[in-house]
Each structure stands twice: as C-alpha cells, then as structure tokens.
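Colleague: Sequence:
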Amino acid sequence: MHMLEQQTPAAAGPTELFGSFVLGPDEFALPALCIREVVNFPEKMTALPLSPPFLEGMFTLRGSVIPVVNLGRVFNPDAPPAEPTHKIAILDYDGVLVGILFHATGEILRVRAEQRSTLSYASGASHGVVAGTILLEDGARLLQVLDPAALARIENVPQVLALQGAGRQAARRHQGERRQCVSFRVGSSSFALEMGAIQEIIRVPEIQASVLNSALCLGRINFRGSPVAVVCFHTLLTPGAASAAPPGARAVLPDQRVVIARIDDATIGFLVDSVDNIVNFFNEEIMPIPMLGKTRAGMFGGCISKPDLGDIILLEPRQILSSAEIVAMRVGHANLYPKDEAGAAGPDGGHARRNQRQVYITFALENTYAVEIKQVREIIDYSDAVTHAPGMPPFMRGMLNLRQQMISVIDLRQLYQMAPAAPTGQAKILVIERGQDRYGLLVDAVENIMTVHDNRRFTAPKMMRNTSVNDGPRGEMEEVIDIEGEGDSHKTLSVFECDRLLQRLAREMPALAA
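The sequence shown begins at 14 in my numbering and counts up one residue at a time.
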C-alpha cells in the first residue's frame with residue numbers, strides 16, 4: 014500500500030508538554046495530557062483471545078481493565094513479546110484506559126511549536142500511529158510523536174463507558190445482587206459462564222462424527238437422549254485454526270470437560286481444558302474490557318478479578334456464537350440425528366418440565382454424592398495453609414483465612430470414620446455459609462455440575478438410611494436423584510444436606526450451636 018507522508022512544520026505558538034519513551038533504538042513522545050501514569054510490567058498478564066497480534070494482553074489496575082499494546086509489533090508483527098523489564102504508559106482515551114509498552118521511560122519535554130512537525134497521510138490511505146516528529150538539540154535528536162487516538166482504536170468505547178457507569182451506580186447503592194459463575198480454563202486464560210447458562214458439566218464422552226463437523230464443531234454427543242453439538246472452545250478463540258482432528262483421533266486429557274450450555278432454546282456443548290471454581294461476584298465487580306478488535310467482541314461481558322483466582326473473563330452466552338452458527342448446529346443435528354424420545358421422557362412417560370429443576374454439584378468422598386449448588390457458596394482448592402487448633406476433634410482439620418474471614422475446615426472422611434484418601438491433588442473445599450459463619454467441607458474431588466429435573470428426585474430406601482451403623486455419609490441422606498443414561502451412565506446419587514450435617518456437628522460440638 015502506497016502512502017504519502019509529508020512533514021509540515023508547526024506554526025509558531027505556545028509550548029506543549031510531552032513525555033518521552035524509548036523502544037529499542039528509537040525514541041517516541043506522547044502528549045503529556047493523555048498520559049495517566051507509567052507503571053511497571055504487571056506480575057500477571059492475561060491473554061485476550063481474538064485480539065490483534067499487537068495486543069500483548071490485559072491486566073487490572075485499581076478497578077480498571079487495561080489492554081496493553083505492544084508498540085514494537087505495531088511496526089513489525091515479528092517483534093519479540095513483552096519482557097518483565099518493560100514499562101507501560103497508561104493512556105486515557107475518551108475515559109477508557111489503554112497501556113502502551115516501552116523499554117524505558119525518558120523525560121518530560123517542553124516543546125516549542127517550531128520544534129514540531131506534523132505528518133499527513135494521503136487521502137484514502139490507512140492512518141498510522143505516528144502523528145509527526147520533534148527535533149531537539151539542533152536536529153541531532155529526533156522523536157516520533159505518537160497519535161493516542163490511533164493507538165487506541167477501541168471498537169466498544171460506548172459499551173465500556175455504559176458498563177462503567179452502571180458499576181458506579183451499583184457501588185453507590187450497595188444493593189448489587191450476588192451472582193455465581195463457573196470458571197473454566199482454555200489455554201492460558203480463565204473464563205466463566207453464569208450459573209443460569211450452564212445445564213451440566215460432564216467428563217468428555219465419546220464424540221461421534223457428524224457430517225456437520227468443522228474446525229469449530231467437533232461432532233456430537235448423546236446427551237439425555239438428544240444429539241448435542243460439541244464446540245471446541247480453543248478453536249473458537251483461535252481465528253483461522255486448522256480443522257479439528259476426527260473425534261476418534263483426539264486424545265482427551267484428564268482435566269478436560271464438556272460444559273453443556275443453554276443458549277436461548279439451543280443446547281450446545283463446549284469442550285474446555287478444565288473446570289476450576291464456582292465464583293461469587295456482584296454487579297459492581299464486573300470491569301468492562303476495552304477491545305481493540307471486532308471478532309466476537311460481544312462475547313466478552315467483562316472481567317472479574319479475585320486475589321486468589323486472578324483475572325476471569327465473564328462471557329455473555331448469547332454472543333459466543335452467531336445465530337446462524339447455532340441454527341446450523343442445532344437444527345442440522347436435530348434433523349440428521351433425531352433424539353431418543355424415550356430417553357428424553359420422564360419416569361411417568363411425559364417430558365420433564367424445564368421450569369422445575371435444580372442444579373447440583375457432584376463430589377467424591379469414596380463414592381459420588383450430590384449437593385444442591387444453592388447450598389454451596391463457593392469451591393476452593395485445598396491447601397496446607399490451614400491453621401490447626403489444639404484440642405479440637407480429629408474431624409476439625411483447622412481454620413482457614415479466606416479473604417479476611419475465618420472458615421472452619423471439616424474433614425468429612427474423619428467425621429464419617431473413613432480411611433484417609435490417597436493424595437491426588439484434586440481435594441476441594443466446599444464453602445457453605447450460615448448467617449455470618451462459614452464452614453469448609455473437605456472432599457476428595459469435585460466432579461461435575463448437572464441440572465436434574467425435580468421429578469428425578471426421590472425418597473431414599475430405608476435400607477440406605479440405616480443410621481444405626483456408621484457406613485459413611487449415605488446413612489444420613491434421606492433423598493436420592495436418579496441420573497438418566499444408558500449402562501454405566503445411569504446413576505443414583507444420594508443428596509447431601511448441609512443443614513443436616515451442621516445439626517450433627519452442633520450435637521457433637523456444642524460450640525457450633527452457640
């Protein structure tokens with residue numbers, strides 16, 4: 014592309030302030046009025062999927078998400094990535110902050126008008142990021158003046174400003190409703206979907222080939238008697254990715270899961286690298302993400318930053334796929350592979366009513382159990398940072414400081430006189446909340462999240478509820494849920510009641526009853 018550049022000396026006038034920066038052998042300048050501050054390279058830089066090559070990533074700074082532009086890659090796509098020694102100049106662009114990566118800061122310059130020249134571009138040519146030059150020291154020193162507007166061509170400024178305003182209003186009212194999402198990892202980034210969008214989380218089943226296979230659609234699975242398309246989330250985030258390997262040729266990693274999401278009236282499965290945590294947040298905690306590109310930008314609903322979890326990108330489920338993509342996968346698979354109506358029916362022969370269902374977490378404690386997700390505040394990894402209190406019963410593992418609140422950690426294996434579990438690194442703590450108190454229930458692992466219709470929940474047989482012998486937690490559970498499926502996938506799980514557990518602890522430890 015041919016571009017005509019013309020240096021035009023500025024007319025005489027008042028002096029202007031510029032900040033200078035060094036990038037390799039070159040020196041650049043930015044108008045001082047647009048520089049909010051200069052910061053060191055952050056400890057954690059989160060990759061922003063579907064972003065231009067020159068976008069290094071993003072980080073959070075005092076309640077704002079800062080996208081970082083690698084200036085070297087603006088000029089040369091093959092320039093090296095950022096290093097921890099780099100500095101970041103924070104630009105304020107229409108109320109949205111953008112970081113520009115430099116090797117080092119320079120000085121504050123007071124520049125006379127005659128020392129400046131502006132750069133004009135030919136009509137129809139693409140405007141670059143250099144707006145002109147500054148000549149100092151009798152022409153021996155040349156600085157390229159950067160155009161802040163060109164550096165921060167952000168497509169969604171109105172959306173960012175609207176979210177910022179909504180967050181400030183919610184913070185002033187202090188009436189934000191607590192929300193829950195499930196975080197999962199794809200590549201090096203963490204994402205989350207709100208609980209209401211998730212129908213179930215399952216281990217990766219056999220993915221069957223489909224004539225609708227593409228780089229995006231891996232194939233189909235049989236989910237509750239219906240064909241469900243499975244989308245590779247990694248491919249979704251990687252434009253131009255090569256076609257996915259045939260389902261039978263793919264190696265499934267142990268932590269991979271399929272997140273079954275409900276998007277309007279469509280059910281879609283997303284293959285992700287791992288499912289990590291249940292995260293609680295408030296509306297005012299959602300920080301808008303300034304995007305420097307258009308590709309699926311609507312799917313990024315904001316960023317939630319937690320000290321113990323890092324930055325999590327909250328997804329807008331209705332924007333992940335286009336309407337055309339959803340229709341193609343949903344209608345195509347439904348027509349090609351009609352669902353098993355018998356498998357989709359309820360026990361009375363009728364279809365389960367969608368408005369009567371509960372979401373459950375399944376966890377391992379020798380066997381698999383289910384607990385209603387509304388009884389669990391959050392799930393955290395188990396660590397050795399538990400303070401052991403002397404004189405407590407063996408099942409009291411100790412106290413854990415979770416974001417400035419003490420949690421009593423209860424070892425369920427010890428409580429039910431079960432043998433210690435072999436260390437696997439998968440132990441989790443289910444945090445439950447009663448009033449101002451929080452308790453952590455230590456379990457072997459958290460397995461899945463699933464939605465079960467109310468007509469699949471039954472009273473447990475009396476033989477399963479024999480509390481005269483200590484046969485583990487099942488003896489205290491009065492109800493079971495029946496998980497539909499074929500063969501080994503058909504399961505009956507005992508439903509764990511947190512209040513019943515606390516009642517037992519109150520009897521054994523009067524201090525808990527106080």
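Any given hint could turn out to be false.
What the hints assert, rightly or not - Straight-line Cα separation of at most 30 Å, DSBU-like style, residue types lysine-lysine; simulated pairs:
| id | residue 1 | residue 2 |
| --- | --- | --- |
| 1 | Lys504 | Lys319 |
| 2 | Lys100 | Lys387 |
| 3 | Lys100 | Lys57 |
| 4 | Lys319 | Lys57 |
| 5 | Lys319 | Lys387 |
If you are wondering where the hints come from, they were derived from the structure by calculation, not from laboratory data.
Colleague: Compare the structure with each hint and give your call.
Modeller: Results of checking the hints against the structure:
{"no.": "1", "hint": "Lys504 to Lys319", "result": "violated (36 Å)"}
{"no.": "2", "hint": "Lys100 to Lys387", "result": "violated (44 Å)"}
{"no.": "3", "hint": "Lys100 to Lys57", "result": "holds (14 Å)"}
{"no.": "4", "hint": "Lys319 to Lys57", "result": "holds (12 Å)"}
{"no.": "5", "hint": "Lys319 to Lys387", "result": "holds (21 Å)"}
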